[in-house]
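Student: Now for the letters of each chain:
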Amino acid sequence: MIRVIADNIMSPLGLTTGENLQAILRGESQLRVRRGLFGLPEDFCGSVFDRDMVPEIADTQANDGGFSFFERLCIASAAKAVAQSGIDPAAEDVIFVISTTKGNVDAISRDLMAPEAYIGESARRIAGYFGCSNSLVTSNACISGVCAQIAGVRALLGGRFRYAVIVGADVLSRFIVSGFQSFKALSPEPCRPYDAERCGLNLGEAAGTIILERCDDSDADQSTWQFVACSNHNDANHISGPSRTGEGSYRVLRDLLAALPADRLAFVNAHGTATLYNDEMESIALDRAGLAATPVNALKGFYGHTLGAAGIIETILSMHAVDNGIVLPTRGFASQGTSHRLNVSADVRPTDRRAFFKILSGFGGSNAGIAYRKGGDR
Amino acid sequence: MNVTITPEGVKLDRAIVATGSLAEIYRAHIGDYPKFFKMDSLSKLGFLAAEFLLRDIPPEQKENAAVVLFNRSGSLVTDRNYQRTITLNDNYFPSPALFVYTLANIVTGEIAIRHKIYGETAFYILPERDDATIERVVADMLLTSSPTMVVAGWVDWLDENNYIADLKLITN
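Chains as they are written, first to last, in numbering that gives the first Met the number 0: chain F, 0 to 377; chain R, 0 to 171.
Everything labelled a hint here was simulated from the structure, so no lab data went into it. No false leads were mixed into what you were given.
Within a straight-line C-alpha distance of at most 27 Å, the following computed DSS-like cross-link-like pairs (lysine-lysine) qualify:
(1) K10(R) to K37(R)
(2) K183(F) to K37(R)
(3) K183(F) to K34(R)
Derived Cβ-Cβ restraints for the label pairs, each shown as a range:
(4) I29(R) to D87(F): 50 to 58 Å
(5) M0(R) to L111(F): 32 to 40 Å
(6) A258(F) to P95(R): 32 to 40 Å
(7) S108(F) to T18(R): 37 to 45 Å
(8) E59(R) to T244(F): 15 to 23 Å
(9) P187(F) to Y91(R): 16 to 24 Å
(10) D87(F) to L142(R): 21 to 29 Å
Per the computed footprint, the stretches of chain R lying under chain F, defined by three or more beta-carbons under 8 Å from a beta-carbon of chain F, are:
(11) 61-74
(12) 119-126
(13) 135-149
Idealized CB from N, CA, C, for every residue including glycine.
This is chain R alone, in the form it adopts within the complex (with noise of 0.2 Å):
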């Protein structure tokens, strides 16, 4: 199954199931997750993006699912969000909520939290989109573990008209 969300909707498939902002389609598909909120943009698609993948996936075949995603900027929009925040001296209010998102890996984290997925989660960041790459990696993995699952693909976030979550969910 592939998921595909853009500033266009949501595609399953190819096929369009929802459309609007994130916070549009959290609340038309997810709505009981309020954690959604406080993460940030690139969490928020990554987040939405495996939900359509497995939100009718039973628990005991998500606990050692793999959540392996990739992307060009990794956390860059929020780094320039918090660097705001610690520019001068009497402005300076850096916030450990914002902090901890200028990581890109914290979206595995909460995709993990979400579906209680205890198997691998690895974020890569590549010099541009190369899905060759992507599949070599994630066939890799498989040669040292053995996830019941993966949610596999690019997640990148620019700005609100600009942003793409392609995802994957491979199984055997």
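Pulled out of the complex, with its shape left as it was, chain F reads as follows (with noise of 0.2 Å):
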């Protein structure tokens, strides 16, 4: 069995699981009008890190180390985690998994040729800060945080790793900025998933940490969330566009089924970007697999994409909405403004159920998703 043994959330709504909780029951959000960040033309609307957020952030020997930001912020989040798992992080069986889509690509603004911004290196000195030598990237866009916890998955199963530390984080920059507004994808106001009114996505800044642990089934009880089930499917239609039937999406809805019935979740934590095409598609592979009645959330109004960091932190609240018997809200939703019709929270709701799914989709037309439930779920 793989149980999830600690966790941590590091966002401009504050740097712990709890904190960001709270920050969302009480509606809270940083996604702001952005004017002049980065020296861009444009203005956009994100939720970026209050740069005095990071002496903070930074309060740890990586100080000294000639860290990066975006390696700071990774150390920062996964030390948390590690100090609430009390495991060893630099035993010969613990592996870091490190989800990311550009990593310190900002360093190239400054030299193109700069070193810091090979990423398998930059995941050797988080993973190195605290004395481990196994550490391995997902680079899979939007996808990477599902695909990152996959991964620290199977290297459990695999056996030779009892420990996975997966962390994710993206840092925004001029670069990731610019390319989206050349994608004409961003929202010029807080993000609306799901709404009729949807126009686009926000960027943002988040880092995220769960370790996960490989154990025996003896060692669950009523209060440890279980791994049950992960799927990655291309939607083999398009780089940059999503599927018109849902495939890749639904192709994952229908694996973590398998496993897991529509019956015996307490929602679907969906990607919910806002932008028109990727909440219509999740629209049609929800409605295909049968999942149109099922709850729904997405958790973009909050916090905007925050790329690599997406899946994990999405994932994380997602457990600990269950933990406190609640369906999250859906920032910024509400009227139905998908073709196929979803139930999608818009408020906070009460569950009894104590399973979810979480799903994310991106370009390179990959889609992911993966199943955990708490002890006791029937």
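Dock chain one against chain two, each of which comes alone in its own frame, and use the hints as you go.
Tutor: As structure tokens, this is what we get:
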């Protein structure tokens, strides 16, 4: 059995999972219009770390190690989760799996040949801070955060490792924001997942860490979160446009449902970027999979799309929501705006179910999902 | 089956079957997929290598194949090309057609589209080539997934004189 033993979220809403959950329950977001940030000629609406938070985040020994902001963020988040878990991160049976889309890409704005931009080496520095020599980077665009959890699960099932420290992070830069602007993918105001008025996504910064452990079934109790199933399917359709039939996402959901039927789900935490095409595609996939009546939520209205962190922080928040017996709200959603009707949770709703799916889709036609259940789930 | 593409040419199970630049190899051996010329170099390299492995495989066997690739540089060469388009405000022309290739996993998507592969596509970045890790990640994938076949290996583009695709087609 694979179980979750610790987690952390760092975002502009707070530096612990608890602070983030409380901020969400108060309806807060740091999505704001950013003028002139990164010297960009165009404004954008995003959730960005107040750089005053940085010293606090950097309040680790990492400060002296020549680490980039991205690496310090990963280290700070992982350090909190490692401390909570009590594991020895330097032990041979620990692997760090890093989820990021662009890592230190901003370094090439200063020097095109900057060595920091090699993501595998950046991951090695992050793991090395903890004395760990095993690291792997999942680089699968927007689905990286679920892919990293899948890679962690497999590394544990394969028997060589006992603990997987799964860290996801991305920091915004001129590079990333200009690219999404060139795609005309950004909403000028806080995004509205699944809503009739949605007009694009927001970008956001965050880091998240989940620590998984391989253990005996007898180690599980009512409070244990355990991995149930995972899946990854391509649309085989287009590198930057979602499938019109939701093919890959549908196949992911079909795989997850084979392991965990819909009547046991508290909700599906969807990608819900609030672009016209993503949300429409997900509505098709969820409906095809028979999940139109299952509560669905998306958290991009609080954080924006946090890229490599998204799959990890959204999984953590989903677990803590179930721990509190609730489905988290979909900030920004007011009225159905997809051709296939979904049971979108606009506000906090109670639930007595103890399992959920986390799904993501992204560039490259990629789709991934993971299912978790809590002990006591029937 | 194993395919290697380097500046020396294409080797299929160690025998040279083609030589020349990627564009020349495409024209001589593929030729029916003009989208090839829109791809970045990493995608062209991975795409061509996959062609030699998959072109004789019937479609029904490819639908549930997996494509699992690794490298060191990610999409860094394309990242630098994109960076050159956003440096100064009076020379600022970011393009979505270039930006999309600043994601290393796009090459896996290009292969999936070409061969109608609906199985797993995944890209991993390592600090250096490490075949033991590649083999372990691919073997561990089979613990939670049952693809009909797997295209797996190393694909890294540095420049016109330094590139390598070294892919395997793993079947039962």
